[in-house]
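Colleague: So the sequences go chain by chain: A and B.
Its first residue numbered 32, the first sequence is counted upward by one per residue in our numbering.
Its first residue numbered 32, the second sequence is counted upward by one per residue in our numbering.
Hints in this document: simulated from the structure, not taken from any laboratory.
Hints may contain errors.
Copies of the same chain are indistinguishable here, so a pair counts whether it falls within one copy or spans any two.
Said to hold, decoys possible - Here are the simulated DSBU-like cross-link-like pairs (lysine-lysine), alpha carbons at most 35 Å apart as the crow flies:
# : residue 1 : residue 2
1 : K221      : K317
2 : K283      : K317
3 : K283      : K125
4 : K125      : K88
Number of protein chains: 2
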Amino acid sequence: MTNPTVHVRQLERYMTTTLQAVGLPADDAHTVAQLMAEADLQGSDGHGVIRLPQYCKRIQAGGVNTRPQIRVEQERAATALIHGDNGMGHLVMKRAAELAIAKARQSGMAWVGSHFSNHAGPASLYARMALEHDMIGLYFAVGNANHLPPWGGLSMLLSTNPIAAAIPAGEEAPIVLDMATTVAAYGKVKAKAQRGEMMPEGWMMDRLGQPLLDPQRSEEGFLLPIGGYKGYGLALVVGLLAGTLNGAAMGKDVVDFNHDVHSVTDTGQAIAIVDPAAFGEVSHFKQQVDVLIRDIRNSERIPGVDRIWLPGEQSHARRAAYLREGIPIPSALMQTLDRLSEQLNVPTLSATAP
Amino acid sequence: MTNPTVHVRQLERYMTTTLQAVGLPADDAHTVAQLMAEADLQGSDGHGVIRLPQYCKRIQAGGVNTRPQIRVEQERAATALIHGDNGMGHLVMKRAAELAIAKARQSGMAWVGSHFSNHAGPASLYARMALEHDMIGLYFAVGNANHLPPWGGLSMLLSTNPIAAAIPAGEEAPIVLDMATTVAAYGKVKAKAQRGEMMPEGWMMDRLGQPLLDPQRSEEGFLLPIGGYKGYGLALVVGLLAGTLNGAAMGKDVVDFNHDVHSVTDTGQAIAIVDPAAFGEVSHFKQQVDVLIRDIRNSERIPGVDRIWLPGEQSHARRAAYLREGIPIPSALMQTLDRLSEQLNVPTLSATAP
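My request is simple: use the sequences and hints to build the entire structure.
Modeller: Here is the structure:
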């Protein structure tokens, strides 16, 4: 039995209606829904429509400001600090990305940070905004729940603080990296638990520092950072750049938004945009990116490996397929969404016109 | 038998004389020697005086331009591209860092890239230059030899492309991260081989994709990236930002400077400086960094772990100890340096006044 599929516009329309029903203004609901649908379209299915019930719950609980005054608090030629006024993170980071792109066009590059923002979906969504302007996007965020202790420690003072980078190519698909600083994201642990599978060694450890393999016991352990102390260092630095620098929550002040729908998260994020035109001919740069991509793709493979992928290439292909064939929605998720629609008295996803 | 120690000024004076003997002008020799000695002082002993014989060999072979016209080729308010004219990388990146700091003071942040540069020592050396200005430094470089294949591949198209970040604190030592994007640096593999030890699983793999444990066989295998495909993605993105963006060598064009002392390496590096003053009160920021550092240091530890370290903390402590007690020089290295001194007819390190 394959999962039912929905058209991206259908998904977008459904989420717009739902977000309006819990109190977002029409324009804002549409912007958030568009970005969430884009997350599903690129295959970041842990950050798209699956988050809708949680977002609605938080909005209904008053944990998100539905009429935020998102504003530039500090500004220089190449920097800005945006106060998100506890609005939906998607609105805050879209504004931040647009401002950074405009500034980079003038100054060659720009760095825009946020505080009092909220969860904004997949990191790559905002880094990718640079691509249509032939620019490079980098994105850093403080994750919305701490799952990572410092190296050698047991207190969960760090999140999986993600990094994204989007780099335009010429004829090839752009290079898009979107990674948590832990070996596995928490969503992957949950998926293993649902399928009744064990985790490979290296994903998690227990409170004695021993490998934890049973995902059912994940609450007793911790995610492990990539490269051991290196990933710990990366998670910390990303948190300092995206959180502390912006005066946003970091470390023990991070609110676990999975378990607390009321408290202001004071989420910090940062987007950096670099304009390749400030370093030379853009067409030449994109051509060189193509050369590198092809050298990598066509290079010798380990016996048994069918293909060497570039970061973002599979996601790019998936996006094209989902645009043609629709986005698959697992039936368990569809049931959850149907219950939400019933509660809010809005049309279900299936009943929304494609 | 403990290693003999030398005073940092002694080391600096010795390297200045030696670099002058192979043809660097006095000022440039002194600048390079200062930065190399600083590398030893902070414990980056794979990037300090140990490189002197190799640098001398390359300079003597004409592989480095001893009279470079290091110049700004492209410039905007927040960016610059520096042409290193094949000069010593230390000279190029010191210039780049100084320019980036000056620009960041005006624009809030700046990004300066280089091409036609050379190996410049440890990444953290340049990121750290931001600290005395109460700024944040980030550094990216294309490594000077390819040891890393793309994920699933066998062709060494990538280097261990390092990342460094330096973040000022208040009363605490600054946070300084300096990491290769591979699990182990090549120097660590060589050290294991010298000690006759096996490598842990996860450092290297062989051409069949199987773990390679014997460091004597390292030529038959490859370094592994941190977090598998994530580290591959990071190494690639760092290479694109530090290399391709600047029109510098990347991928198959990278010259292995361990085996080729003649060819122009066209090394690419990038330094980004962020001024916390553009985001709020600097004193408040540094105070918050202190709070985070102390929360982490004082947090609960895995049984058996004596202390939780912050990135750069051990290096900071080592620097203070080496300033007091001198920098240890292993006897094998001392012998190599003595042979170099004899060849060049300059005073040996031991004969140089402290």
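Colleague: Evaluate each hint against the coordinates.
Modeller: Hint-by-hint comparison with the structure:
| no. | hint | in the structure |
| --- | --- | --- |
| 1 | K221 to K317 | neither (39 Å within a copy, 37 Å between copies) |
| 2 | K283 to K317 | between (42 Å within a copy, 17 Å between copies) |
| 3 | K283 to K125 | within (27 Å within a copy, 37 Å between copies) |
| 4 | K125 to K88 | within (22 Å within a copy, 52 Å between copies) |
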